[in-house]
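Residue numbers (numbering that gives the first Met the number 0), protein chains in the order written: chain Y, 0 to 254; chain S, 0 to 254; chain F, 0 to 254; chain U, 0 to 254.
Keep in mind the hints are simulated off the structure, nothing from the lab.
From a predicted model like this one, the values you see are computed outputs, not experimental measurements.
Incorrect hints may appear among the rest.
Using C-beta positions, here's what the derived DEER-type ranges look like [as the list claims (entries may be wrong)]:
1) K180/S to H32/U: 47 to 55 Å
2) E51/U to D238/Y: 26 to 34 Å
3) E163/F to G213/S: 21 to 29 Å
4) D7/Y to G213/S: 17 to 25 Å
5) M14/U to D238/Y: 31 to 39 Å
6) M14/U to Q77/S: 51 to 59 Å
7) V50/U to H53/S: 28 to 36 Å
8) D254/F to R233/U: 26 to 34 Å
Glycine residues also receive a C-beta, built at the ideal position from the N, C-alpha and C atoms.
There are 4 protein chains.
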Amino acid sequence: MDLASAGDLAMLQSMKGKKIIFRLEEGRQYQTHKGMISHRDLIGQPWGRIVETHLGTPFYFLPPTLRDLLLNIRRRSQIIFPKDVGYILLRLSIKPGGRVFEAGTGSGALTTALAWMIGDKGEVVSYERREDMLEIARSNLENLDLAQRVTLRLRDLDQGIQEEPFPSAFLDLPNPELYLKQVRQALITGGTLGVILPTANQVSTLLKEMEEIGFGAIDVSEIMLRFYKPVPARLRPRDRMVAHTGYLTFARRMD
Amino acid sequence: MDLASAGDLAMLQSMKGKKIIFRLEEGRQYQTHKGMISHRDLIGQPWGRIVETHLGTPFYFLPPTLRDLLLNIRRRSQIIFPKDVGYILLRLSIKPGGRVFEAGTGSGALTTALAWMIGDKGEVVSYERREDMLEIARSNLENLDLAQRVTLRLRDLDQGIQEEPFPSAFLDLPNPELYLKQVRQALITGGTLGVILPTANQVSTLLKEMEEIGFGAIDVSEIMLRFYKPVPARLRPRDRMVAHTGYLTFARRMD
Amino acid sequence: MDLASAGDLAMLQSMKGKKIIFRLEEGRQYQTHKGMISHRDLIGQPWGRIVETHLGTPFYFLPPTLRDLLLNIRRRSQIIFPKDVGYILLRLSIKPGGRVFEAGTGSGALTTALAWMIGDKGEVVSYERREDMLEIARSNLENLDLAQRVTLRLRDLDQGIQEEPFPSAFLDLPNPELYLKQVRQALITGGTLGVILPTANQVSTLLKEMEEIGFGAIDVSEIMLRFYKPVPARLRPRDRMVAHTGYLTFARRMD
Amino acid sequence: MDLASAGDLAMLQSMKGKKIIFRLEEGRQYQTHKGMISHRDLIGQPWGRIVETHLGTPFYFLPPTLRDLLLNIRRRSQIIFPKDVGYILLRLSIKPGGRVFEAGTGSGALTTALAWMIGDKGEVVSYERREDMLEIARSNLENLDLAQRVTLRLRDLDQGIQEEPFPSAFLDLPNPELYLKQVRQALITGGTLGVILPTANQVSTLLKEMEEIGFGAIDVSEIMLRFYKPVPARLRPRDRMVAHTGYLTFARRMD
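Here chain Y stands alone, though its shape is the one from the complex (with noise of 0.2 Å):
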C-alpha cells in the first residue's frame, strides 16, 4: 500500500474531472471551491481513495501523472497541450541523457515535459525574451524539482545560439521564419527541428522560408483528441472539444 507523505505532489480530482494539484504539507488546508480538505486528513493516507471536503464533496485522492502536471502549469501564455508535447517527444526523439534546444519558453509547459524525459544527466536550453515568462516557467520547474535540468535564458533569438549544437530542437514563437539561420546553426546535420503555431498563415510563411534557408523532410500536422463519456452503456463523445492548439512543422537540418 502506498501512502501519501508529508512533501509529495497530490492531486484532487473532481466526479467531473476538475483537478487540483498541490504539495503536501503539514498543517495546511486547501480550500475547493466546494469546501475544504487538511492537509492533516491526506499525509499517511494511501492513495487512490475518494476523499471528501468538509461538504461532503468526494475527490478522488492522486499522484499526479505528467499530463496532469502539464495541464494544471501555472501559465500566463498559451501551453502546448499534452496531445502535442507526446507527440513532440517522438517527433524530437527525446531521450534520457539527451540534449535538447527550445525557444520560447513561455510558461514551461513543453519545458517541463522536456526536463522530465531527459532525467539527471540530459539537459534542456530553453531561451525566453520575456522575463516575466522566464520567472513563471522556472517557478513551475522549480515546484517539480526539474529546474536544475533546464539552462533558462533571457534571451532573444536573434543573438544567435551559444551552445553546442543540439540533435533536436523545438521553437514556439510568433515568427520562428526569422530565426531558421540561428537555428539551423545550433542544430547538428540531420537534427529535427519542430515548430507548433496557431495559424495557417504562418504556417506558410515558415515552409517558404524553412525550404530556403536548408531544411527538408518537412512535414506539417494538426493532432486532435477528443473524450468519450465512459459510461458502458452509454458510449458516446462528449459534446465538445478542443478544435484547435496549434499545427506542428518537423523538418531536418540539411547539411
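Since the structure of chain Y is provided, determine the placement of chains S, F and U on it from the hints.
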C-alpha cells in the same frame, strides 16, 4: 559536422515520405525499389544530405527519430501508432529510471518507446502469450540496443503478475476486462492503467468491469492525426488520413 | 434593392455570430441582451444592413437561411444539426413533390428541413408519441408556413404505420431497433432508412436487428464540422467545436 | 412491391460498397469487374434484391439515391462531395421553385444537387469557361433528366453576370476573389454567397477581398465525414477516411 559511422542506424527517406531504416555496415548495399545504394557511399558522410541510388532517385539521408523507428518496426500485428504512444507516455508518467508493466507485447512498438524513455536505469516488464510475437518483439528491441531494459515474459495474464507493483501499466489485448483483477494487484494504489482497444464494444465491456473491480477516474479518448501538404503557397490537408487506430482508456487504481 | 416587409422573417446576427430570428410586425420591438430595436426601424429597410440597438450595439440585418432557421428552432429536445440534416437530405433522396416518413418528430428541426425541400406538392408524415413535443413541432412548422406540408401524428410506432409505403424514412428515437419491422413495411422495396443515435451501444443494437429484419447495404458514419476564425491574416480553427451530435446509420429495405 | 422498369436508373452495389449506376435497357448487359449481368434479369424484378453476376458475385440491386448519383457522376475534375453539398443546400436556403447561381460548373455535381432540389419550377444558372467541362456537366444533367432546370453558360465571370439578382450563389473557382464585384451585383441584398476552396491560402485571399467588397457575416468551416465498419459486435471507424475536400466560406451580401 556529424558523420555517419559504420554501426549507426540510418534512414533513407524518399521525396514522397517513404522510409527505409537499416544499420550501416561496410561492404553492404541497400536495394530500394528505386535502385541500389552502397553503404560505402553513406559511411563517413554527413547526415542531412540528399543521396541518390544508382538509378538517380534521391533520398534524404538521415538518422531515424524514435517516431521513424516505431513506424518502421518489423511487425506481425497492428502496432500502436506514434500519435497514441506519445500521449500514453504522458498519461503513464513514464520517466528515466521508472518501471512500467505492459501486456501484450505484440510486435513491440510501445515496448520500444517505453524502453527508450525509461533509460538504462529503468525497467519495462512485458507479457506476451504468443511465442512468435515475443521473438519478433525481442528482435526489434535488440536491433535498437534496448533489449537489456526489457523483461519479456512468455506468460498469460491470467497466471497473475509476479513482479513488484508498478506505478503504471498498459494493456494491448483483445479482452482486457478478463485480467483487471490481476492488473489491479500489479499496480500501486493510485497507479495508472492504460488500455487500447479497436472497437467501441470492447470499450463498453472494459468500462463496465473497471467500475466493479476498483478502478476510478476513468476516461476514454481517441486521437486523430491529420497531415498537410507542406507547400507554402498551397497549404492544405492531405487527401486521406488514418481514421482510426484505437480508443484509449485510462484509469487509476483505487485503494 | 430588396426591402424588408412587415410579415417577413428577419434575423439579427451579432458580430460574434449570435442570432435572433423573428417576424417583422408593425408596432413591435425586439429586446436583445444588448439593447432594443424597433421593428419600425427595420421594415422598409434593405436587407444586408448593419443596424444598431438603442445602446449602439451593431447587428447584421438579414433574412435567415434554412440553416439559421433550424439552429434557432424552439426546442424541448436535442435537435438534429444542419451538418447532419444536409447529408440526410442527400441520403434519403429528398426532392420536390416527394414523400418521406419520419419518427419521432421531436422539436421538428429535421421535419422543417424535409418540409422545406419537398415543397408544396410533397408530403412529410411524422409520428411522435409525446403530445407536448408534437405541439412544439407544430408551432415551429406554422411559424415557417410549412405546417400544411406535414402530417403530424400523435402515435407510437409499435401501432404500425398507416400510410402507403414511402421511398424513404428517418428515425430519431431511443430504441429504433424495436420498430424495424413496422418501418420495413412502410418502405418500398429498395427504399432508404436513416437513423440517428447518440451512443455507440445503440448503433450496435440497431445493426444487429437490421441484419435480421431485412435491411441491407448498411453504413454508419459521423460528421464533424469545424469552424475557423475568418481573419485573413490569421486563419485558424476556432478553439472549440461540437465534438458529437449523433451517429448516422443508413440502410436499404431489402425485398 | 416495387419493380424495376426499362428506363429506370439502377444501381448495383457490391458487398464492399463499390457502386455502378446505369439506366435499364432491354437487350443490354452490364460488365462488372466481377462478371456480367444482363439487364433482362433486372427489368421487372423488385428493387432491394441481391443479384449475382454470371460468375456468382453478389450485388445489391437498388435505385440510386441522390448521394449515389453525385458520387458516381462522370467527371473530369474534382467534384464537391455529398457531405459538403448537403450543408451547402441549407446554407444557401435552396428550395423548390427557387433560383440559384453557380460558377464554375465543373463536372456538375453541385449543379445536379441544386437542380434536383429546386424542382421543375426553379432555375439554376451555372457559368463555366471551359467548353469541355460544360459538355460533361450537360451530359451528366441530361442523364438524370435535370438539364431543363439548368441554364448552362459558357462564360467567364469577369464578363459579368447577365441574369436578374439571385438570392444565393456558389463559387467553385481557383480565384473567386477576382470576381467578387460581379458576384455581389448578381446577389440580392442580404443574399448568401458560398465558396469552396482547397487551400488555406486561397481562403485567406478570399476573406481579405470579401471584407473590402461588401460582404459580411462571413464564416469558414470544414466538414469531416468518418465511416464505421457496420459490424454490430465490433463497431469501429474504418481504417482510413477522406481527410480533406475543401474549406467552405459563406458570406452575406451587404447593402
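Comparing the hints with the structure gives:
Range check, K180/S to H32/U: about 52 Å between beta-carbon atoms, so the 47 to 55 Å window is met. A hinted range of 26 to 34 Å is violated for the C-beta pair E51/U and D238/Y, which are about 46 Å apart. Checked against the given bound of 21 to 29 Å, the beta carbons of E163/F and G213/S, roughly 57 Å apart, lie outside it. Against the hinted window of 17 to 25 Å, the Cβ-Cβ separation of D7/Y and G213/S comes to about 22 Å, which satisfies the hint.
Here the CB-CB span from M14/U to D238/Y is close to 35 Å, well matched to the stated 31 to 39 Å. As the Cβ distance of M14/U to Q77/S is approximately 24 Å, the hint placing it in 51 to 59 Å is violated. Our hint of 28 to 36 Å for V50/U and H53/S is violated, since their Cβ atoms are close to 53 Å apart. A hinted range of 26 to 34 Å holds for the C-beta pair D254/F and R233/U, which are about 28 Å apart.
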